[in-house]
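Trainee: Sequence:
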Amino acid sequence: MSNSSSFQEAIPGSNEVGVDSVSLTNLDSTEHISSTNIYSNHNVTTDIHTSSYGHHGSAAAEPQIADAPGLEVDSVRSSNNSDVDSTMGDSFLSSTASIRESVYEYVEENGRTYHAYNSGKYILPNDDAEQERLNLQHHLFSLLFDGVLHLAPLPSELHNALDIGTGTGLWATEFAQKYPSAQVIGTDLSPIQPIYVPPNCRFEVNDAEEPWNYSQKFDYIHGRAMVCCFSDPAGVINSAYDFLHPGGYFEMQVPQMPIVSIDSSINGTSLEEWVRVSCLAVERRGRKVTNSRHYGKWMAEAGFVDIV
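When you line the sequence shown up against UniProt numbering, it's residues 1 to 308, in that order.
Worth flagging that the hints you see were computed from the coordinates, not collected in a lab.
Take the hints with a grain of salt, since some may be wrong.
Listed next, the in silico DSSO-like pairs over lysine-lysine satisfying Cα-Cα at most 27 Å (straight line) [stated by the list, open to error]:
(1) Lys-288 / Lys-121
(2) Lys-297 / Lys-121
(3) Lys-217 / Lys-178
(4) Lys-297 / Lys-217
(5) Lys-121 / Lys-217
Using the sequences and the accompanying hints, generate a full structural model.
Mentor: This is the structure we're talking about:
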């Protein structure tokens, strides 16, 4: 499990959009995937980059395994702690129960609610309106990619997959349905995922910028639309590299910012000003909206090769 304070979860425009999608394969892979423009029309231009990576020249360090087991989030709704080994003692039960409850103590500000775990880390809310936006965002990506969930050339059978910043969990749920052989974990700062999911899918309250302590490595790691999520995206990329199996893929799908239009029709409009002010506000909170431009460099520094 990731960190002793992480939890397994089972509860409930513009004329141009550029999306950088980077997938990388580890160690034993010799396949090279060239850059491909997969979608373009007068309204939307999407430039997709898919690449592979090989051995970084030295054996990867084994991941650290958390001392404490993952905590079942849905058990928060019950006083029954029977799932936890009683030999851990009353103090452990008391502290973990307190942590469980605390992730639901959302911060309310200006009529919106925000995540409680590592409060203030992520700048966007987690209330119903935001969840609707996240669901719409997932459907927009589905339309953009013609229903394709990933661009990395994955095998038909996977064992372990990770979705960081899973949001409402739609992508992770659909991926688990597509790959029933895979155990799919979705992580987020907010426990806003659905109760009813495929049996091979679960969710954890987790901060991807903290040290990763999973008990296994992954065949595939995915992240999407993480424009303002990380203060240290290079560190997240390093963690992803360390927790990929040889031959595994890492894929990030991130809109390019700021938004522009092909025919300059956005120039001088209220939308252009909104984009400018929004980007400025995000950067004042320590998040650079242009980070996707540096993903290739950071991936190379982490040990990825053949990056396109």
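Trainee: Each of the hints needs a verdict: does it hold here or not?
Mentor: Quick rundown of the hints versus the structure:
Of the supplied pair hints, the one linking Lys-288 and Lys-121 holds, its CA atoms being roughly 14 Å apart against a limit of 27 Å. The suggested pairing of Lys-297 with Lys-121 holds, with an alpha-carbon distance near 25 Å, which does not exceed 27 Å. The straight-line distance between the Cα atoms of Lys-217 and Lys-178 is roughly 20 Å, inside the 27 Å bound, and the hint therefore holds. For a cut-off of 27 Å, the pair hint linking Lys-297 to Lys-217 stands: about 23 Å separates their Cα positions.
The suggested pairing of Lys-121 with Lys-217 holds, with an alpha-carbon distance near 26 Å, which does not exceed 27 Å.
Consistency with the previously given hints is maintained throughout, with no hint failing.
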